[in-house]
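Use the sequences and the hints to build the structure in full.
Residue numbers (my numbering), protein chains in the order written: chain S, 1 to 179; chain D, 1 to 498.
Treat the hints as calculated values from the structure; they're not laboratory data.
Think of the CB as a built atom: it goes at the ideal place given N, C-alpha and C, for glycine as much as any other residue.
What you were told as hints is all true, and nothing was included just to trick you.
Okay, derived cross-link-like pairs now, DSBU-like style, lysine-lysine, Cα gap no bigger than 35 Å in a straight line:
(1) Lys-190/D / Lys-176/D
(2) Lys-142/D / Lys-141/S
(3) Lys-78/S / Lys-164/D
(4) Lys-409/D / Lys-106/S
Examples of chain D residues lying across from chain S (beta carbon under 10 Å, computed):
(5) Gln-59
(6) Leu-122
(7) Leu-149
(8) Gly-156
(9) Val-160
(10) Ile-178
(11) His-179
(12) Glu-281
(13) Met-289
(14) Phe-291
(15) His-398
Residues from chain D shown here face chain S by an in silico Cβ test under 8 Å; the list is partial:
(16) Phe-57
(17) Met-69
(18) Pro-78
(19) His-126
(20) Val-146
(21) Lys-164
(22) Ile-279
(23) His-280
(24) Trp-286
(25) Thr-287
(26) Tyr-288
(27) Lys-299
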Amino acid sequence: MADKIRVATTSLAGCFGCHMSLLDIDERMLQLVDLVEFDRSPITDIEHCTNCDIGLIEGGVCNSENVHVLREFRKNCKILVAVGACAINGGLPAIRNYMALEDCLKEAYIDGIGIENAQIPSDPELPLLLDQVHPIHEVVKVDYFLPGCPPSADVFWTFFTDLLEGRQPKLPYELVHYD
Amino acid sequence: MYEHLETAEQTENLKRVVVDPVSRVEGHGKVTLLLDDDNRVKQARLHIVEFRGFEKFIQGRPYWELPVMVQRLCGICPVSHHLAAAKAIDQLVGIDPENLPPAADKLRRLLHFGQVLQSHALHFFHLSSPDLLFGFDSDIAKRNIVAVLAEYPEIGLQGVKLRKYGQEVIRMVSGKRIHGSGAIAGGMNKALTKQERDYLLTDVEQIIEWAQGSVTLVKKVHRSNLPYYDEFATIRSNYMGLTKPNGALELYHGGLRAKNEQGETIFDHVDYCQYNQHIHEEVKSWTYMKFPYLTALGKEQGWYRVGPLARVNNCDFIDTPLAEAERLEFKQHGGEAMVHSTLAFHWARLIEALHCAESIKTLLNDADILSSDLCHQGEKRYEGIGVIEAPRGTLFHHYQVDDNDIVTKANLIVSTTSNNTGMNESVRQVAAEYLSGQTLTEPLLNNLEVAIRAYDPCLSCATHAVGKMPLQLELVDAQGQLLDRLVKHSDGELEQGL
Ligand code: SF4
Numbered sequence: 001m002a003d004k005i006r007v008a009t010t011s012l013a014g015c016f017g018c019h020m021s022l023l024d025i026d027e028r029m030l031q032l033v034d035l036v037e038f039d040r041s042p043i044t045d046i047e048h049c050t051n052c053d054i055g056l057i058e059g060g061v062c063n064s065e066n067v068h069v070l071r072e073f074r075k076n077c078k079i080l081v082a083v084g085a086c087a088i089n090g091g092l093p094a095i096r097n098y099m100a101l102e103d104c105l106k107e108a109y110i111d112g113i114g115i116e117n118a119q120i121p122s123d124p125e126l127p128l129l130l131d132q133v134h135p136i137h138e139v140v141k142v143d144y145f146l147p148g149c150p151p152s153a154d155v156f157w158t159f160f161t162d163l164l165e166g167r168q169p170k171l172p173y174e175l176v177h178y179d
Numbered sequence: 001m002y003e004h005l006e007t008a009e010q011t012e013n014l015k016r017v018v019v020d021p022v023s024r025v026e027g028h029g030k031v032t033l034l035l036d037d038d039n040r041v042k043q044a045r046l047h048i049v050e051f052r053g054f055e056k057f058i059q060g061r062p063y064w065e066l067p068v069m070v071q072r073l074c075g076i077c078p079v080s081h082h083l084a085a086a087k088a089i090d091q092l093v094g095i096d097p098e099n100l101p102p103a104a105d106k107l108r109r110l111l112h113f114g115q116v117l118q119s120h121a122l123h124f125f126h127l128s129s130p131d132l133l134f135g136f137d138s139d140i141a142k143r144n145i146v147a148v149l150a151e152y153p154e155i156g157l158q159g160v161k162l163r164k165y166g167q168e169v170i171r172m173v174s175g176k177r178i179h180g181s182g183a184i185a186g187g188m189n190k191a192l193t194k195q196e197r198d199y200l201l202t203d204v205e206q207i208i209e210w211a212q213g214s215v216t217l218v219k220k221v222h223r224s225n226l227p228y229y230d231e232f233a234t235i236r237s238n239y240m241g242l243t244k245p246n247g248a249l250e251l252y253h254g255g256l257r258a259k260n261e262q263g264e265t266i267f268d269h270v271d272y273c274q275y276n277q278h279i280h281e282e283v284k285s286w287t288y289m290k291f292p293y294l295t296a297l298g299k300e301q302g303w304y305r306v307g308p309l310a311r312v313n314n315c316d317f318i319d320t321p322l323a324e325a326e327r328l329e330f331k332q333h334g335g336e337a338m339v340h341s342t343l344a345f346h347w348a349r350l351i352e353a354l355h356c357a358e359s360i361k362t363l364l365n366d367a368d369i370l371s372s373d374l375c376h377q378g379e380k381r382y383e384g385i386g387v388i389e390a391p392r393g394t395l396f397h398h399y400q401v402d403d404n405d406i407v408t409k410a411n412l413i414v415s416t417t418s419n420n421t422g423m424n425e426s427v428r429q430v431a432a433e434y435l436s437g438q439t440l441t442e443p444l445l446n447n448l449e450v451a452i453r454a455y456d457p458c459l460s461c462a463t464h465a466v467g468k469m470p471l472q473l474e475l476v477d478a479q480g481q482l483l484d485r486l487v488k489h490s491d492g493e494l495e496q497g498l
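So, in structure tokens, the structure goes:
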């Protein structure tokens, strides 16, 4: 099956809802695994590859670790796809951009209700937080954007089948809308 | 217990081994181990390395946005966050649970049973069944749902369809499978139509049968791997969760009950609005995840576990017959008041999935479910606390608002946080019992992953990606010199050496 497309997926600062929506293709998963080979993905690690045709990224970039993973994906994927509101524009987590990071940390670890041993976690094992949550296109070049929070299962389905059949992926209007 | 491994007495001259990423709990987590010259484990920690700051950034928003916003905490159990927030904002409009219209209460329960069913099915079939069916040390190429679908097509497809059914229940009630919007302050925003009800009724018998089959499967797996399954990553702990006033298993609304490792009651029927008298959270410098504990027992002794194992252990009975029969068998297997086996989380989880399927049927056949009396309001209050049993355990949402209905304070204790000490203890147990004194091997990695995964940690899907992600272990001496390196690629291929 030479023409299977090889797909990797990951979640940065996302909620995993986009991945869940991909699983919402339900029984079509049986067809999908005929069309697609998953590399790094929560669904399967059936095939070893470092070079992928498509990388799907869910979630924005909020710490140094995210930057690292995103660059790695860009390097290894021919086509990089920003999936969902968080990857496209930071999504809900980017609301924290309107506040000082310090205040967010204080709220959670110092001023919270019922906190003992109040302190801001600071271990060298913890990656550096960025002061802003960034959409992924601010860090790497992105080829496609699948909008929605999350994009529906049909969006994923249309996107994959278009690509596989050699068409430029095109999402009909009904599939591209928010709530 | 293994708490002595949390912090090594002397860190000088210890070798540091990192498993990174172990998992994505709020993004990413990792395990670090410190070993002495004979590879004896001196310290083992599960670090949660991501921070998103929800508690702060939802401040300044009007409270009615909360049920929609907070479900973006998690795409796997969005409904649980949605409903916990809704229960909290009910109080802001002066509605206590008993004043909610019966139809709204039942629709929310239906929604939540759909949520727990789909989440439990997802965790078992899509994420854990490969380990359980093929073995922890089987070929990694096989450890995924695709291989399950290939080798056990019937089981795999039933799993996919069980999850699908839960998602469809959610869609019928809330409009969308993920991040729908059903609950509002004081009730629900949409009635269930007869057509939607009938659509869900069509498959419900089949779903119950498959759910029952899944319990049979997990029992068989557990029993055919004794005593390993009873002992692996097993720790004796306190347990906490909601129960109904009559002591029955409860997932949506009840009083808090905690029992100790012997099954003795620590507290019972506690009003969850008093939660902050009973639970405090300790912060530690090395992880973004806090460590909740029962104040009655203090920081050292008061840690507890939540989730399916805690709930099935804690309740006196389950009020649906098939799940109750399974509970009795489960308790009998444990042989003592409480079942402490960490891998028994899977077993308990599927008993709950069966309970959800049975309960969905009962609710669909309840005349109230089609009622359009959906929303009540009372007198404004300034504080609201909502608690629910999310798939992974007790979930607390606590909000305060000002005169303009703007959120001024928020406190969230998410389920996985309550299992923080439990997960760390299980990791330390595995490190001490299976790793200490050994050289680095791939099964070692798997054991750590399997232990964490049993808890089904949530938020950004948590450890669900464990085993599918490349892992790297580095052996570094105290001077930071790299001594050895083991890389597990995403296909499971291992690469050792520098
Ligand atoms: S876009 Fe929505 S569903 Fe996707 S990760 Fe972000 S919050 Fe979750």
